[in-house]
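Guided by the hints, dock chain W onto chain S, whose structure is given.
The lines below spell out each chain.
2 protein chains.
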Amino acid sequence: MPGPIEDFYAVIPAGGIGSRLWPLSRAETPKFLHDLTGAGVSLLRSTWDRLLPLTGPERIAVVTGQAHEQKVEVELPDILEGNVFIESSPRESSAAIGLAAAILQRREPDVIIGSFAADHHISRTRAFEFAVEQAVAVARAGYICTIGIPPTEASVGFGYIQKGDEMDVDGAPMAAIVDRFVEKPDLETARRYYADRSFLWNAGMFISRADVLLAELQANEPELHAGLMEIAEAWDTGRRHDVCERVWPGLKKIAIDYAVAEPAADKGRLAVIPGHFDWDDVGDFASLAKLISDGHPENMSILGQNDKVIVDESTGLVVSQTNRVIAVVGVEGLIVVDTEDALLVTTSEHAQRVKSVVGALQERGRESVL
Amino acid sequence: MPGPIEDFYAVIPAGGIGSRLWPLSRAETPKFLHDLTGAGVSLLRSTWDRLLPLTGPERIAVVTGQAHEQKVEVELPDILEGNVFIESSPRESSAAIGLAAAILQRREPDVIIGSFAADHHISRTRAFEFAVEQAVAVARAGYICTIGIPPTEASVGFGYIQKGDEMDVDGAPMAAIVDRFVEKPDLETARRYYADRSFLWNAGMFISRADVLLAELQANEPELHAGLMEIAEAWDTGRRHDVCERVWPGLKKIAIDYAVAEPAADKGRLAVIPGHFDWDDVGDFASLAKLISDGHPENMSILGQNDKVIVDESTGLVVSQTNRVIAVVGVEGLIVVDTEDALLVTTSEHAQRVKSVVGALQERGRESVL
Numbered sequence: 001m002p003g004p005i006e007d008f009y010a011v012i013p014a015g016g017i018g019s020r021l022w023p024l025s026r027a028e029t030p031k032f033l034h035d036l037t038g039a040g041v042s043l044l045r046s047t048w049d050r051l052l053p054l055t056g057p058e059r060i061a062v063v064t065g066q067a068h069e070q071k072v073e074v075e076l077p078d079i080l081e082g083n084v085f086i087e088s089s090p091r092e093s094s095a096a097i098g099l100a101a102a103i104l105q106r107r108e109p110d111v112i113i114g115s116f117a118a119d120h121h122i123s124r125t126r127a128f129e130f131a132v133e134q135a136v137a138v139a140r141a142g143y144i145c146t147i148g149i150p151p152t153e154a155s156v157g158f159g160y161i162q163k164g165d166e167m168d169v170d171g172a173p174m175a176a177i178v179d180r181f182v183e184k185p186d187l188e189t190a191r192r193y194y195a196d197r198s199f200l201w202n203a204g205m206f207i208s209r210a211d212v213l214l215a216e217l218q219a220n221e222p223e224l225h226a227g228l229m230e231i232a233e234a235w236d237t238g239r240r241h242d243v244c245e246r247v248w249p250g251l252k253k254i255a256i257d258y259a260v261a262e263p264a265a266d267k268g269r270l271a272v273i274p275g276h277f278d279w280d281d282v283g284d285f286a287s288l289a290k291l292i293s294d295g296h297p298e299n300m301s302i303l304g305q306n307d308k309v310i311v312d313e314s315t316g317l318v319v320s321q322t323n324r325v326i327a328v329v330g331v332e333g334l335i336v337v338d339t340e341d342a343l344l345v346t347t348s349e350h351a352q353r354v355k356s357v358v359g360a361l362q363e364r365g366r367e368s369v370l
Numbered sequence: 001m002p003g004p005i006e007d008f009y010a011v012i013p014a015g016g017i018g019s020r021l022w023p024l025s026r027a028e029t030p031k032f033l034h035d036l037t038g039a040g041v042s043l044l045r046s047t048w049d050r051l052l053p054l055t056g057p058e059r060i061a062v063v064t065g066q067a068h069e070q071k072v073e074v075e076l077p078d079i080l081e082g083n084v085f086i087e088s089s090p091r092e093s094s095a096a097i098g099l100a101a102a103i104l105q106r107r108e109p110d111v112i113i114g115s116f117a118a119d120h121h122i123s124r125t126r127a128f129e130f131a132v133e134q135a136v137a138v139a140r141a142g143y144i145c146t147i148g149i150p151p152t153e154a155s156v157g158f159g160y161i162q163k164g165d166e167m168d169v170d171g172a173p174m175a176a177i178v179d180r181f182v183e184k185p186d187l188e189t190a191r192r193y194y195a196d197r198s199f200l201w202n203a204g205m206f207i208s209r210a211d212v213l214l215a216e217l218q219a220n221e222p223e224l225h226a227g228l229m230e231i232a233e234a235w236d237t238g239r240r241h242d243v244c245e246r247v248w249p250g251l252k253k254i255a256i257d258y259a260v261a262e263p264a265a266d267k268g269r270l271a272v273i274p275g276h277f278d279w280d281d282v283g284d285f286a287s288l289a290k291l292i293s294d295g296h297p298e299n300m301s302i303l304g305q306n307d308k309v310i311v312d313e314s315t316g317l318v319v320s321q322t323n324r325v326i327a328v329v330g331v332e333g334l335i336v337v338d339t340e341d342a343l344l345v346t347t348s349e350h351a352q353r354v355k356s357v358v359g360a361l362q363e364r365g366r367e368s369v370l
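Just so you know, the sequences run in chain order S and W. Our numbering puts the first residue of the first sequence at 1, with every later residue one more than the last. Our numbering puts the first residue of the second sequence at 1, with every later residue one more than the last.
Among the hints, erroneous ones may be present.
The list makes no distinction among identical chains, and a pair is therefore deemed to hold if it is satisfied within one copy or across any two copies.
To be verified - Calculated pairs, SDA-like style, for lysine to any residue (alpha carbon to alpha carbon, straight line, at most 20 Å):
{"no.": "1", "residue 1": "LYS290", "residue 2": "HIS120"}
{"no.": "2", "residue 1": "LYS355", "residue 2": "VAL311"}
{"no.": "3", "residue 1": "LYS290", "residue 2": "ASP278"}
{"no.": "4", "residue 1": "LYS252", "residue 2": "ALA360"}
These aren't lab readings, by the way, just hints derived from the structure by calculation.
The following block holds chain S by itself, in its conformation from the complex (with noise of 0.2 Å):
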């Protein structure tokens, strides 16, 4: 068995709630800790267990909220304490990604790493392992590297990534610069996608050298990389605290696309290993339902209490969190998910709509539900 990747540490973000999945999906347990495949375990671990013979035990960071903190610490008792970094407050993934860059770099200044979303789906780790590989090879040469995914039909919820010219990197074949992103297109474009073999889905992992990474966010976002370095510094001392409250919440919000790849790839300093795994974001109940009916949408899926669904003439998905008989009857697509206080009832078609839900319930003040 090949042993970790040298110099590689791995960083997951454990911070946005996924509120789509509500009302699975919670302030107090986001989807990250929940197990929606029916792995048996929650979609973190699943992360840590995939990354860990990348990296060993003592090399995976993750960063997340306050209230998180000690759900995160059950999940992966074998984490190193100070491996936990906390946000005081949601500030977006280049927050989040630049402070562990920031931190492990003034740790040990050579090293690579790569961040994975604690909440994704992935299977056939062997390809993940091999990309990654591949990925951090790139990373050592001083670019920034992101894992594209080879796309399975023309879907509108991802981003793409253009692969253009194939590199010669030692240690990573497949390797292609990029020629650019795309943000989620419309259907028309996902189909031209689609059709050309040199888009990827942008599955949001980057892998780069720590102080690559932060020249870069430098180069953009000045001074949100004086605000991440001014805290790293502090970090593994007695300011930490003080240091966090009072520069923290005045970081900008910005997702790492804007404030890193986009501009890297403009330079030519993106690369992208195709990714040949099963990869899934498992971003809406329409996702989370295509993923367990495993190729079989004529099934009605069931996440859950299986022995207390009654299935009649329907298709979808039923998540059971309770010990409740459910029956549902001749609706096609349909998505039910029963929790003890809440219950939400939809079809594939309208499970990104969810998300108004939880704005609703904020409205009036059902805070107890989100």
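Coordinates of chain W only, in the frame set by chain S:
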């Protein structure tokens, strides 16, 4: 205010569970014990309240099962103790109504009985009272009389009664002879009936002298008649229990439509009064949804905890018996029934299929929720 109708006695068979209304309606708390229309009282109590001005509290009898005796007495605190007739097991409407007819006829030979389901919805009770008053006049003249509802749509959910010649009965200006009874038709036939103004819905209301009803039953179902007479003879004596135990279980299960009404129609002895009130048998959730929406199918109807239901681009019916937040997103004609131990999700279109769920639950040994 007009007083009770002379010689008239109302009989309320309260037997059926209403399994197409599961999980709201259960063996323990069948349909007639529910406030399905948001009236503030149960359907049984509404039935009682509607009949009261026509009979007074001492001339209403209920035929029900052992399991519901106590609940019926709670719902109807003014009912006479001797007017709750307990069936030792369910044996269909001929046995239930025939038993009441036989008991009441022994107590009062000239009695005119009217049977009215415990679980139907009626509004505009003045029109109802007028129809019953006419029906009693027709019954006094020796006919068996039914009340038929002028159809408001081409329903395939009800049986039909075809009106024939008008009658000349004092106090019954709208009475007509019934030409024939028709079972629930297919859609094409229903459309024809709806266009032809001589067809009325069979609302299952029968008014006749008890002795006339029993004679008709004797002519068509002599064994059933003999059994009922034997039980009635023993009813108000110490032998009731023994005779019931011996005779009741052997009685033929047959609907009163077949054992009495149809044969009477064939002999020209069945009359009908058109009932110009709103009537619904609330047979399934589609019919309940329609009833509650009150002509506004573009809205989501809610029965229960209104302020915890979030509706986003959905229509249909939500029945909430729990304290949970319920969010429905993007489904037309949706039916959600949320109870403590069971949840049903279907659409108006499939409301008739709910009965099959009850069958599936029985097969799986989930009697606790039935």
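Evaluated hints:
1. LYS290 - HIS120: within (14 Å within a copy, 43 Å between copies)
2. LYS355 - VAL311: between (27 Å within a copy, 13 Å between copies)
3. LYS290 - ASP278: within (13 Å within a copy, 46 Å between copies)
4. LYS252 - ALA360: For LYS252 and ALA360, neither the intra-copy (27 Å) nor the inter-copy (57 Å) Cα distance is at most 20 Å.
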